[in-house]
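**Student:** Chains P and C, in that order, are what the protein sequence lines are. Quick note: the first sequence, position 341, residue 341 per this note's numbering, numbers continuous. Quick note: the second sequence, position 264, residue 653 per this note's numbering, numbers continuous.
Derived by calculation from the structure, the hints in this document are not laboratory data. Heads up, the beta-carbon is just placed ideally off N, CA and C, and yes, glycines get one too. Careful: at least some of the hints might be erroneous.
[Said to hold, decoys possible] Some chain P residues near chain C, calculated using beta-carbon distances under 8 Å:
#, residue
1, Gly96
2, Tyr100
3, Phe108
4, Gly126
5, His159
6, Gln160
7, Lys177
8, Tyr249
9, Gly296
10, Leu300
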Amino acid sequence: MAGKSLSTGKSLGPIRRAFAPWNDPAAKPFIQFQNVTKSFGDFTAVDDLSLNIYEREFFALLGPSGCGKTTLMRMIAGFEEPTSGHVMLDGQDLVGVPPYRRPTNMMFQSYALFPHMNVWDNIAFGLKQDGMPKADIATRVDEMLALVKLEKFAKRKPHQLSGGQKQRVALARSLAKKPKVLLLDEPLGALDKKLREETQFELIDLQVKLGMTFVIVTHDQEEAMTVADRIAVMDQGKIVQIATPAEIYEQPNSRYVADFIGDINLLEGHISSTEGGVTTLDCDGTGAKVQVNQDGGAKLGDRAWFAVRPEKVAISLSPPVDPSVNAVTGEVWDIAYLGDVSIYHVRLATGATVKATITNTTRLVERPITWDDKVWLTWSGDGGVVLTR
Amino acid sequence: MRRGASWFNVTSITLGFAFLYLPIVLLVIYSFNASKLVTVWGGFSTKWYVSLLTNQGLLDAAWVTIRVALLSATLATVLGTLAAIALVRFGRFPGGTLFSGMVYAPLVMPEVITGLAMLLLFVAIGFARGFWTLTLAHITFSMCFVAVVVQSRLVTFDRSLEEAALDLGCPPFRTFFTITLPLILPAVVAGWMLAFTLSLDDLVISSFTTGPGATTLPMKIYSQVRLGVTPEINAICTILIAIVATGVIIASIVTKRREVERQRAERLAIQGV
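All chains should be built: construct the whole structure from the sequences, respecting the hints.
**Tutor:** As structure tokens, then:
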């Protein structure tokens with residue numbers, strides 16, 4: 001079952017590439033959070049948060065547990081009401097509208113399939129609530145069963161299904177009513193890694209095919225990067241950064257985001273120059289100079305951190321042409337050989353460790369750089385960013 | 390060490406079961422006694438069962454008992470289920486612990502005290518004692534048993550099932566009847582059965598709260614025994630035992646069958662058929 005793909009077979013490239021309503025000032029937001037605060041007693045789950053999500057967008061809320069992402073989603077579904085502020089959907093204020101009158105549907109983390117109903121009745125449940133004629137319900141349910149390739153399982157009860165099949169039933173049930181927004185609460189958390197990766201692409205296909213707005217909550221950064229048009233990284237009830245996956249990864253706006261998404265090296269220092277579109281950072285301890293092609297974001301004299309991804313750091317046994325800029329030296333402390341790549345942990349004179357990821361492009365078993373070698377680490381002026389928070 | 394039946398195990402099992410069931414076995418055997426003397430075996434006979442059918446007093450008492458048990462068990466189940474939902478769902482509220490403690494208090498309250506308290510209440514408000522006071526008293530003491538049984542089921546109930554129903558457009562009231570109730574039904578039925586049996590064999594509280602014309606079977610049996618045990622009493626007790634045993638056996642067969650069915654289905658799912 002796991003191998004069956006929901007893919008339409010057509011490339012979604014052109015649709016996905018052209019889609020960027022958040023850059024269009026004339027575009028109307030579809031879901032709007034306006035200064036929303038949600039408190040549970042003394043605990044503030046969501047703190048004065050404003051956010052726009054656009055129609056047909058696949059939007060991810062990403063953050064560690066307790067960051068408020070689930071609360072935010074539950075406010076769209078109607079299971080939580082904001083303590084203050086407004087939640088708007090398609091121009092309509094949702095505050096005070098009970099969940100059973102909202103044009104949104106949710107796919108639950110636990111799937112929440114009704115155990116006393118079979119697959120067919122589970123999918124039909126929402127349609128029956130609307131008083132849809134019996135014949136129409138049957139057509140729609142069969143359509144949904146075909147969509148998730150579960151036609152043969154219509155009469156099964158949930159406990160007679162595997163994890164992947166349950167996930168599909170839950171998806172079909174939440175899509176059956178053609179909601180304006182589909183909310184996905186950690187939808188793939190219970191699946192094993194391989195099935196999860198497949199399902200991520202199926203979700204993307206489905207979202208484009210149906211032209212629906214999807215909002216997904218996840219703590220898995222890879223999942224968010226794979227499926228989403230835009231990601232909001234959350235921390236302690238606030239959004240730290242909203243951007244496309246590539247922007248989040250390449251241009252994080254803070255150490256928190258840089259650290260949360262992927263692996264990062266941080267070198268601390270102060271800003272010594274910001275002239276000519278180049279920001280210069282003098283590193284503490286080593287005194288190494290970092291020059292980044294970056295305009296703004298840091299002022300002269302600021303405490304700042306140079307953030308560079310391990311795969312953008314080059315490792316070499318010989319010093320670079322100009323070892324005073326964008327280079328540090330140290331000893332190889334540890335090597336993690338992962339097959340496709342090797343990660344070198346290099347200990348600097350200050351005691352800090354910098355990681356460099358090198359793609360293993362040859363079939364050498366003995367690599368030229370090994371433990372305790374004195375090496376040079378270098379990067380280009382476009383390799384990293386200077387962050388002040 | 391040898392497994393199985395050592396003389397020690399056999400002896401302890403024999404003694405244990407004898408301790409539990411010898412009185413009941415004797416009672417059943419003597420219900421088929423031809424002699425009028427309870428302790429003297431006079432040959433096999435079913436005449437006491439026949440004479441039972443003509444004993445209007447016992448039959449009336451049995452009818453009262455069944456009506457009270459059916460009515461009080463049903464109402465106690467409704468009230469107990471509502472109480473359980475309130476206790477589990479309202480979360481913490483000021484006095485919540487006290488409230489839940491108070492629901493359970495009747496479980497451990499001596500029956501004499503509950504009975505006396507009910508009697509005093511009925512006298513104070515001038516409620517004529519009879520069938521209805523009896524029923525009310527039975528509801529009061531059996532309701533908390535239902536609440537305990539239903540509450541233990543609700544604690545493990547996945548709330549996201551109800552949220553899913555709401556999310557799919559089902560209003561709260563309908564959600565309760567289409568999702569929550571069907572799923573907690575086994576616990577509710579178990580609660581009802583418990584309330585029914587408790588009502589069926591209650592003697593102490595019934596004695597306090599009943600009035601003329603509403604004598605229950607346990608009260609009737611007890612009062613007759615004081616005048617001397619007749620084999621008729623043995624016969625009616627045997628019938629009661631048969632009814633209860635049948636209920637227990639049916640319930641366990643149903644549970645067992647459902648368990649087997651569930652395991653088979655899970656095996657199917659794991660195999661991915």
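**Student:** Each hint: holds or not?
**Tutor:** Status of each hint after checking the structure:
1. Evaluation of the P:Gly96 hint against chain C yields a violated restraint, the C-beta minimum of about 15 Å exceeding 8 Å.
2. Of the supplied interface hints, the one on P:Tyr100 holds, with its beta-carbon coming within about 5 Å of a beta-carbon of chain C, less than 8 Å.
3. Interface restraint check for P:Phe108: the shortest CB-CB distance to chain C comes to about 5 Å, inside 8 Å, so the restraint holds.
4. A hinted interface residue such as P:Gly126 counts as satisfied when its beta carbon comes closer than 8 Å to some beta carbon of chain C; here the least separation is about 3 Å, so the hint holds.
5. The criterion of a C-beta within 8 Å of any C-beta in chain C is met by P:His159, whose closest approach is roughly 6 Å, and the hint holds.
6. The restraint placing P:Gln160 at the interface with chain C holds, with a minimum CB-CB distance near 5 Å, inside the 8 Å limit.
7. A least Cβ separation of about 7 Å between P:Lys177 and chain C falls short of the 8 Å threshold, and the interface hint therefore holds.
8. For P:Tyr249, the interface hint is violated, the least distance from its beta-carbon to any beta-carbon of chain C being 33 Å, above 8 Å.
9. At a threshold of 8 Å, the smallest CB-CB gap from P:Gly296 to chain C is about 44 Å, leaving the interface hint violated.
10. Evaluation of the P:Leu300 hint against chain C yields a violated restraint, the C-beta minimum of about 53 Å exceeding 8 Å.
The structure fails to meet hints 1, 8, 9, 10 from the earlier list, while all remaining hints are met.
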